[in-house]
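If you're matching them up, the sequences are chains A and B in order.
Here numbering that gives the first Met the number 0 is used: the first residue of the first sequence is 0, the next is one more, and so on.
Here numbering that gives the first Met the number 0 is used: the first residue of the second sequence is 0, the next is one more, and so on.
Warning: the hint list may mix true and false statements.
Here are some chain A residues pointing at chain B (derived, C-beta under 10 Å) [unchecked claim]:
no.: 1; residue: G51
no.: 2; residue: N78
no.: 3; residue: Q82
no.: 4; residue: A143
no.: 5; residue: N150
no.: 6; residue: E313
What the hints contain is simulated information worked out from the structure, not anything from laboratory work.
Bear in mind that the values here come from a model prediction, so they are computed numbers and not experimental data.
No residue lacks a Cβ here, since even glycine has one placed at the ideal position from N, Cα and C.
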Amino acid sequence: MTPAVSFQKVSRHFGSVHAVDAVDLDIAPGEFFAMLGPSGSGKTTCLRLIAGFEQPTAGSISIFGERAEGVPPYRRNVNTVFQDYALFPHLNVLDNVAYGLMVKRVGKAERHKAAEEALSLVRLPGYGARRPGQLSGGQRQRVALARALVNQPKVLLLDEPLGALDLKLRENMQEELKSLQKALGITFVFVTHDQGEALSMADRVAVFNDGRIMQIGTPEDIYQRPSTRFVADFVGSSNVLPPDFVQRYSGQHRWGSLRPESIRVGRAASGEGVAARLVSTNYLGATTRLALDADGLKLHAVVPAGTVLPREGEAVVLTFNREHLHLMDEPA
Amino acid sequence: MTIAALNANPAPAILPGSGGLRGALSDLFWRRPQLLLLLMLLPPVLWLGIVYIGSLFALLAQSFFSIDEFSGLINRQFTLKTYGDLLQAANLDIILRTVTMAALVTLASAIVAFPIAYYAARYARGRWKALFYLGVMLPLWSSYLVKIYAWKLILAKEGILTWLLAKLHLLWLLDSWLSLPVVGGNSLSVSFTGTFIVFVYVWLPFMILPVQAALERVPGNLVEASSDLGASPGQTFRNVLFPLALPGIVAGSIFTFSLTLGDYIIPQIIGTSRLFIGQAVYSQQGTAGNIPLAAAFTVVPIVIMGFYLWGAKRMGAFDAL
Numbered sequence: 000m001t002p003a004v005s006f007q008k009v010s011r012h013f014g015s016v017h018a019v020d021a022v023d024l025d026i027a028p029g030e031f032f033a034m035l036g037p038s039g040s041g042k043t044t045c046l047r048l049i050a051g052f053e054q055p056t057a058g059s060i061s062i063f064g065e066r067a068e069g070v071p072p073y074r075r076n077v078n079t080v081f082q083d084y085a086l087f088p089h090l091n092v093l094d095n096v097a098y099g100l101m102v103k104r105v106g107k108a109e110r111h112k113a114a115e116e117a118l119s120l121v122r123l124p125g126y127g128a129r130r131p132g133q134l135s136g137g138q139r140q141r142v143a144l145a146r147a148l149v150n151q152p153k154v155l156l157l158d159e160p161l162g163a164l165d166l167k168l169r170e171n172m173q174e175e176l177k178s179l180q181k182a183l184g185i186t187f188v189f190v191t192h193d194q195g196e197a198l199s200m201a202d203r204v205a206v207f208n209d210g211r212i213m214q215i216g217t218p219e220d221i222y223q224r225p226s227t228r229f230v231a232d233f234v235g236s237s238n239v240l241p242p243d244f245v246q247r248y249s250g251q252h253r254w255g256s257l258r259p260e261s262i263r264v265g266r267a268a269s270g271e272g273v274a275a276r277l278v279s280t281n282y283l284g285a286t287t288r289l290a291l292d293a294d295g296l297k298l299h300a301v302v303p304a305g306t307v308l309p310r311e312g313e314a315v316v317l318t319f320n321r322e323h324l325h326l327m328d329e330p331a
Numbered sequence: 000m001t002i003a004a005l006n007a008n009p010a011p012a013i014l015p016g017s018g019g020l021r022g023a024l025s026d027l028f029w030r031r032p033q034l035l036l037l038l039m040l041l042p043p044v045l046w047l048g049i050v051y052i053g054s055l056f057a058l059l060a061q062s063f064f065s066i067d068e069f070s071g072l073i074n075r076q077f078t079l080k081t082y083g084d085l086l087q088a089a090n091l092d093i094i095l096r097t098v099t100m101a102a103l104v105t106l107a108s109a110i111v112a113f114p115i116a117y118y119a120a121r122y123a124r125g126r127w128k129a130l131f132y133l134g135v136m137l138p139l140w141s142s143y144l145v146k147i148y149a150w151k152l153i154l155a156k157e158g159i160l161t162w163l164l165a166k167l168h169l170l171w172l173l174d175s176w177l178s179l180p181v182v183g184g185n186s187l188s189v190s191f192t193g194t195f196i197v198f199v200y201v202w203l204p205f206m207i208l209p210v211q212a213a214l215e216r217v218p219g220n221l222v223e224a225s226s227d228l229g230a231s232p233g234q235t236f237r238n239v240l241f242p243l244a245l246p247g248i249v250a251g252s253i254f255t256f257s258l259t260l261g262d263y264i265i266p267q268i269i270g271t272s273r274l275f276i277g278q279a280v281y282s283q284q285g286t287a288g289n290i291p292l293a294a295a296f297t298v299v300p301i302v303i304m305g306f307y308l309w310g311a312k313r314m315g316a317f318d319a320l
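Based on the sequences and whatever the hints tell you, model everything.
Right under this line is the structure:
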């Protein structure tokens, strides 16, 4: 099957800055694909390369099998939902949504009908006459989505679309986006720095760092089986274990990772395990996060709320199942 | 500083008292911000109200007086006779000529200013931006009269422009333009074309700066969004950039339009012997001593500008504000 978006050794260098460096990537049609990484990791530049706002300095990009280099954004059947929405302030909501059809010279009645339908799709029917300035952040977000979807793009690009929303709204929108993507069957490429968002929404995730892809895989792959220290640390802040430590438990001299929720914390007298000291506890509602110090190695554990805990500063013993200790591909 | 050192300092008072008269005054202003506002606004409001608007009304009142044809004295009785005089063919001619010139100058300024303003707002950074401001403002620092006389030399028959066109073997172009009715003349310096060129030159900065300010406020991602939605660069200009720059263009055109309507020096030095409103005012209040007619002439640009702004608002020029 032809991939929806395909990168072959794509680089985008700005002078000496390698924003994107020799990236290979295949996004399948109909896939919900997340690009995850810290700011400045190259994920947004990758999105802009697909949209056509940037041109690669090396390598080639194809969209549904067609070479995209040198094709301007307005000749790509790809639409973007911008981070700060980029709604046109001088047009009302209906004309904002109908803009893409207007520039394609679709008749007024027809494009307004399509725009009204797109607004219903994002659950904003009847908002057409308002100005973007009169809407809340969440509503603007939906208008931006409708404005992109009305063009029936082959690929929809979303640049941190939920970044400016509050937590509750963000959770709602995550579910809505996911079900919308399922219903429409459009390929979604979603850029985010929020690992929770990427894991919960995407079919596959690419983790970016320093202009390169560290790992591509299903959310489970990324979370359970990180291939590098960076991925282990960035996605869910796993405990990264040095080779010497790992060797004691697995027999192999390699970097390892251990999820905070895989660590059990017991009192010092309770038997075998890693001797450590409880540095501090952080109450997070459903869980409590513990900072631990195992002979200079800083570790984190997450335990369910209500667990009876030793006091801060006390000696504890840490235990975990061997199979939860994940060995990484990265050389020691 | 360690925590111990921090704790060693004597604790400051929770509500330290105000420090003398200045402290009391700033506390008063903090509690009653309207008082400060009133104090700050009083002088400019007095100036604007009495000196500025007041004298304008005095002028307006003058236009409703008339002049005694024999004695040349002003008859201080309300009459619309002076406005009737405005409608005489010769005076109407002056008004039409001035308004046409102002409209053309405004249009040309907008066309020339837009690319410059666009470059400055979108592309110029750091040193180039400073250079842009310098380039636009520099002509404003030198004397208006010197610039106009310099233009007279440039446009004169023996001037550099004629010389340059002769070198380029394009003199026939200039000659055929000058042989046209209305816009032509003996040389550019004694034609309406010359007047037009100098007007555009002198008022251009007043168009560039507001347009640049308006374009600067257009977020770059709106241009990207338009392109993303399938608009060609031309469509993006028509549907996004131009509507959002329009308040700036209107602001600039208020300057270019009203400054052209009122100017009397440029058409005096560069142009034909036919009068513009400014020159008419000058000669009516001076040699002719007809203050009421001069005042009535002055009211014309005010009325035109009023209609102009009303029309601009009706056309939605300020919707993007």
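These are the hints, each one checked on the structure:
1. G51: Result: holds, 8 Å to nearest chain B Cβ.
2. N78: Holds - the Cβ of A/N78 comes within 10 Å of chain B, reaching about 6 Å at its closest.
3. Q82: holds, 8 Å
4. A143: holds, 9 Å
5. N150: It holds, given that the least Cβ distance between A/N150 and chain B is near 7 Å, below 10 Å.
6. E313: violated, 24 Å
Against the hints set out earlier in the document, a violation occurs for number 6 only.
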